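There are 2 protein chains.
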Amino acid sequence: MKNNRLSIHTKIWIENEQGDTVLGAGQLKILETIDAQGSISAAAKAMKMGYRSMWGRLKKIEERTGKSVLIRKKGGIMGGNSVLTPEAKIMVEKFRQVQQKINENAEKIFRETSL
Amino acid sequence: MKNNRLSIHTKIWIENEQGDTVLGAGQLKILETIDAQGSISAAAKAMKMGYRSMWGRLKKIEERTGKSVLIRKKGGIMGGNSVLTPEAKIMVEKFRQVQQKINENAEKIFRETSL
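Residue numbers (this note's numbering), protein chains in the order written: chain G, 254 to 368; chain P, 254 to 368.
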């Protein structure tokens, strides 16, 4: 099997001591979509996810990371909107960095090993 | 979020140019189970998978890796049995090594980054 025609793919996630997923692709996608869409309801719609389901997942992210991830602003003509807290943005950015480093390293390890 | 209470987890798989999975946890599990059980039928039973389904997946592994993965011996009092070819054993072993190296490296990268 020639590795140069093959590619390695990685998925990463972070768990707490209880084995619960704290952050992974799913959580990142939710945070990034809220950041891009500007509200939970718009993000839920964009991800074809129920509002309650997304809300529940956000609560879990907050519980498990111990961080507030959203700044919610109520009311106004456009209805409520939400933005990520600065610490949530840093967390998302750092997760992406870790993911990229692991990917790069995985490619290096894979190229060095002929399957 | 203190990383020392958290752990990073990785999943890896190998794709060909068409985006088909060539080897991943599922394929490895099948090969390892056949190796341990000594036959496709015993492995299928152990994995609660249909014989045809397992057979189909084995054919795909052979097609996509370009390797024969099984030596099949027919008949005898115990019925047919199957063992992995030497090259399939090497492939399984190398995949495990790549996985372990990527895991170790992921842990190192994770410890160096405070989420």
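It cannot be assumed that every hint is accurate.
One copy or two, either will do: identical chains are not told apart, so a pair holds if it fits within one copy or between any two.
What the hints assert, rightly or not - Straight-line Cα separation of at most 30 angstroms, DSSO-like style, residue types lysine-lysine; simulated pairs:
#: 1; residue 1: K327; residue 2: K354
#: 2; residue 1: K282; residue 2: K342
#: 3; residue 1: K301; residue 2: K264
#: 4; residue 1: K326; residue 2: K361
#: 5; residue 1: K326; residue 2: K354
#: 6; residue 1: K347; residue 2: K313
Since the hints were made in silico from the structure, they are not lab data. Predicted model only: the values in this text are computed from it and were never measured.
- Query: Between K326 and K361, at a C-alpha cutoff of 30 angstroms, which is it: within one copy, between copies, both, or neither?
  - Reply: Neither, since 45 angstroms and 39 angstroms both go past 30 angstroms.
- Under a CA distance limit of 30 angstroms, which applies to K347 and K313: within one copy, between copies, both, or neither? within (19 angstroms within a copy, 38 angstroms between copies)
- Within a copy, between copies, both or neither: where do K301 and K264 come within 30 angstroms Cα-Cα? both (22 angstroms within a copy, 26 angstroms between copies)
- Message: Regarding K326 and K354, is the shortest C-alpha distance of 30 angstroms or less found within a copy, between copies, in both, or in neither?
- Response: neither (35 angstroms within a copy, 46 angstroms between copies)
- Query: At most 30 angstroms between C-alpha atoms: does K327 with K354 qualify within a copy, between copies, both, or neither?
  - Reply: neither (38 angstroms within a copy, 48 angstroms between copies)
- Query: How would you classify K282 and K342 at a CA-CA limit of 30 angstroms: within, between, both, or neither?
  - Reply: within (12 angstroms within a copy, 38 angstroms between copies)
Going through the hint list in order, the structure does not satisfy hints 1, 4 and 5.
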